[in-house]
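Q: Can you build the whole structure from these sequences, using the hints too?
Line by line, the protein sequences give chains A and B. Numbering (the numbering used here) for the first sequence: 1 to 874. Numbering (the numbering used here) for the second sequence: 1 to 139.
If you are wondering where the hints come from, they were derived from the structure by calculation, not from laboratory data. All residues carry an ideal CB built from backbone N, CA and C; glycine is no exception.
Not the full set, but computed from the structure, chain B residues with beta-carbon under 10 Å of chain A: (1) Asn12; (2) Gln25; (3) Ser89; (4) Ile91; (5) Pro111; (6) Asp113; (7) Tyr114.
With a straight-line cut-off of 20 Å between C-alpha atoms, the simulated EDC-like cross-links for lysine to aspartate or glutamate are: (8) B:Lys63 to A:Asp662; (9) B:Lys63 to B:Glu16; (10) B:Lys60 to A:Glu653.
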Amino acid sequence: MQDQVTPRALDRRKRGLHIPDEGVWVGLGVLAFLAWLSVTQAHVLFHSFAEVIGATVAFLVSAIGWHTYPLTRNVFFLALGSGFFWVGVLTLLHALCFPGAGIVETDVPYLDIRLWLALRFFEAVVLVTAIRCSGRSHVPPYMHVGFAVLFLGLLALISQPWFPEVFDPETGLTSFKVTSEYLIIAVFMLALASMGRLQGRVDGVVTRRLSLAIGFMILSEFPFTLYRTVADMQSVLGHVVNLVSYWFLLTAAVHTTLKQPLRVLSADAHIYEAFPDATVVVDREGKVRQANGAARREATVDNCLGESCHALFHPLALAEQDCPVCQHIRNVQQVRMLELEDIDTGRWYHISLLAIGDAGMIHVRRDVSELKRAECALRESELRYRALMTHATDAILVVGEGQKFVDANHEAEQLFGYSRSELLHLGPADIHPCDKADALAHAFNHLRLHGSVLRELRFPLRDGSVKVKELAGARVELPTNVLFVGIFRDVTARRAAEDALRENEALLRQAEEIARMGSWDRNLVTGELRWSEGMYRILGDSAAKPSMQHLLEAIPECERNEVEAFITRAMDTGQEFRIDHRLHDAHGRERSIRMLGCAQCDEFGRPLRVFGTLMDITEAQRIAQELKLYREDLERLVTDRTAKLLQAVHELESFSYTVSHDLNAPLRAINGFSCALLDDCGEHLPAEGREYLERMISATNRMGQLIDGLLMLSRVIRRDLQLQTCDLSAVAREVFAQLRAGSGDRCVHFTVEAGITAEADPSLVRLLLENLIGNAWKFTRERDCAAIEFTSHQDGGATVYLMRDNGIGFEMQYAETLFRPFHRLHGWDEYEGMGIGLATVQRIVSQHGGRIWAESRPGDGAVFYFTLSPRLVG
Amino acid sequence: MPTNTVLLVEDNPDDEQLILRALKQTGITETIEVTRNGREAVDYLLGVAAPPRLVLLDLKLPKMGGLEVLQALRLDNKTRMIPVVVFTSSIEKTDVLTSYDLGANSYIRKPVDYRQLTDVVKLIVSYWLQTNVSPPQEW
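A: This is the structure we're talking about:
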C-alpha cells in the first residue's frame, strides 16, 4: 500500500492543515446552497436541513467514538461519542419542534429555543468533560449514566412551566436567553482553554481541528444572541457558522478514526515487509499465500506464492507428514519458537506459528544459526576457560572492578588456604599470604593502576619453607566491565637454580682468579663468543670485546698459526687440544699460557660449541725453572758426594782387605811358631812356659776371630740388598740342624712356626738367623733341656719375628748395649764370642729397614724381636 | 808325567815355614818346591820338565799376583791340568769366585790357628795326593 504524497500536500501536512481539496468545495457548496435556500425559499426547510446535518454529524461522531474505542483505547473520543449521541438526539428534537415545521406541537412556549439552549449547553459540557477525561486510562463508569441523566434532567428542566421565558415576540430574545447563550460561550471557552490537555494524547491535526470546531461554535453563538426572529439573517449566519464548526468536528473524527488507523495499518504492512525474518501466511493446506521480502529472498523459487511452505522453509530431511511444523499448521495450533536444525545445511531455525482465523497462519522463520554458533562458541569458550582454570598448575585469581575476587582455581585455593566460595567474598586487601603483609594488595593495586604487573612474591608455608611465586597480572577489558587476572607461577625451583648458578658463577670466578685462569666458550651455531672475567684479567684489558681475533693477536706471531690451527681443528673435528704458548697482554708483558680446549658435539659428532681455558702459567714456569736449577745443583752435589763416598768405600775395602790379609799373617806366625815351639821343644820347657805358649796361641786365635768379625761386619755394611721371598722357617731349620750336628749330645727343643716368609736378602737372612740361633744355642748351654722357638706375629701391618730361648737371659738395663759391636755381657771364660754377632744382626735388620729389640730377665730366657720391613724408597 | 813334587807359592817366609812344617807333618814323600813370587812360580812351572803334583798358591804375591799365575797356568797346555789349591788369607768373595773361574781346584783360607792349619793341609794332601788322612774337625 503506497501512500503517494504530493509536495504540496506534504507542505500542508507540516502546517497541520490537512483539508482535502474536494471536501472544502463540497462543504462551501452545501453552505451556499443552504444560505440560498434560506433566503429565497423557506427558512424552515433551511433550518431542518442544517439541523439534520448537525444531528447526523453528532451521531457519526458518537458512532465513531463508541466503536473505535476497543481498537484505539482513546478515552477522549469515547467520551465525545458517548455525549454526542445525546447531542444528536437533542438536535433532532430541536429540529422537530421548530415553529412552522409542524411536526411536534406542544404547550410549552418556544420549546425549540429551550431545546436549543439545552442542546448547546449539553454540547459544551460534553466537550469539557471529554477533554477533562482525556488523561484517564479508562472511561469513568458513571460518565455514560451521567450524560443520560443530564439529558433527561435538561429535558425535564426546560419543560417546566416556571422555566424563564426565552423569547418575546415583541422584543425578541429575552435577557435570560442572551445570558444563557453567554454562559454557554463561557463553557465553550473553558473547553477551548482546556484543549492543551489533549496534547500528546490526540494527534496534533485532530487537536487543531477540534479547536477550530470549538472556535466556530463560539462564533456561532454570538449571532444567536442578536436575532429578533428565528428567520432573520443573524439566525441564518449562526446556523451556517455552526455548520462550519460541525464540519471541523467531522473531519477531526474522520482523521482520527479512519485516516490515522489506515496509516498505521499501512505502516504495519511496511513493518511486515521489512521484517528480517522470513514471514509468510500459510493456509491449512500448507501453501504459501503471502510472503514478505525476507521470505521471498530466502525462498529458492522466483514466486513462492502457492508453493509448499514445507518445501521452501522447512528442513528437507523431514518428510512433510513428519514435519512438526506442518503438523501444527494442519491442526491450526499456535507455536512459539519451535527449534529446528537443517541437517543438510547445518543451519538452525526458530519457527513461530500464529493463527489468523480462517486465513490460515502466520509462519515466521528466524535463522538462528549465527546465534546458535555464537552460543556454541560461547559455551566452548567457557569450557576452555574452565579447563584452563582447573588444569593450570599456576594459581589463578580474577579480581573484578569491585576489588573482590570473582574467580579462583584449585591451585589458588591451595596457595591461599581458602575455598573458592570463601575467596569470592574476599578481595586482595583481605588476605595476607605473603611475607610482607600487604604485598598482594599492592601488587593488585599496581595492576589496577598500570594495567599489568610482574613481580615476585614470597609465600611462607606452614612447614617453614618459602615458596617463591611470580605474579603476572593483566587487565582484561570486557564489553561490560573490567577484570584483573593474576597468575601465580611457582618459581621456587627456578629461583633456587638461579641462586645456585649465581653462586657457582661466583665460585668459578673466584677459582679462576685463584688459579689465574680464564675461559672462553664459542657457540658454533650462533657464532656467539663468551669470555669469563679471567680472560680480561689475563689479557690485561677489562674493556676488550670478546673475539677470537683479539685473542690470537695477543699471541706472538711465531706461535699464532699453531694455536689457531689447534682451535680450528677442535671446531672441525671436536678433538680436544692442549697447547702452551706465549701471550702479550695489553701492558706488553709476556705471559706463558697453557690453553686447554674441547668441543661439545651433537649426536652426529658435529661440534656445537668449543670451550677453552687459558691458564697463566708464567709464575708456575718460573718456579719450575727454579726447581729445575735446584735439582740440577742437587744432583751435581749428590754425584760429587757419591763419588767421594765411593772412593771412601773403596778405600775402606782395600783397608779391610789389607787388615784381613796382613793382620792375619803375623797372627798366624805367632800362633804357628808357638805351636811349633810347644810341639818341638815342649819337653824342654817348664810347665809354666808351656802354659804361656798356650795362652799366646789362644790370644792369637781370638784376635783372628776378632778380625773375622770385623770383616763380616764391614761386608754387611756395604752389601747391596738383593730382595726375594725367603722361607725363614726353612733357613732356621737348616741353621739349627748344623748346630745340632756340631754338638749332638745336647738336649735342645727347637720349635719353628711353619711358613714364616720375608722379603729379604737370602744370604743376609741366613747370617742373621745363624747369629740369633747361635746366640740362643750358646746361652742355653746350662739348661738340662734347652728350648728355642722361632715364631712370628702381625703388629700394625708389619710382621714381627720372635726368637725365644730359655737361656740365662740378661738384665734389661743392658738391652740397648747388646747390639753394639765387641760388647760382651759375659766373661771370656764363661761364653766364647767376639761380641760381634748381635751387632751384625742389628746391621742386617737395619739394612732391611727393620728394627730389633730384646726382652729378658736374668735366668729367665730372652726374646729377640725383629722386623724386616723393606725400607721405603724415596 | 808328573813328578813327586808339590809347589808352594808363598811370599811370607813365616807362612812358608809353617806350611812346610804342616806338609811334612802329613808325612808326604813328595819334594816340596817353594817359589817366593808369581813370576818365579810361572817361570818354574813353564820351565820345569816334570810338572808338580800339586800347587799351593797364595794370592797376594809380589811381581805377579796369584790370580795371574793361575790364569797363566790354565792357558798353557803343559800346566793346564796341574791341581792348584788357592791357599790364602783372603776371604773376599771376588777372590773366591775369580779363583774358581780361572780354574782353581780348591780355595782354602789359611786359618790363624796352626792346629787348624795342619788339619787343613792334611785334608788337601790326602785329597789331592791320595794320602789317607782323616778330615779336619772344623772347615
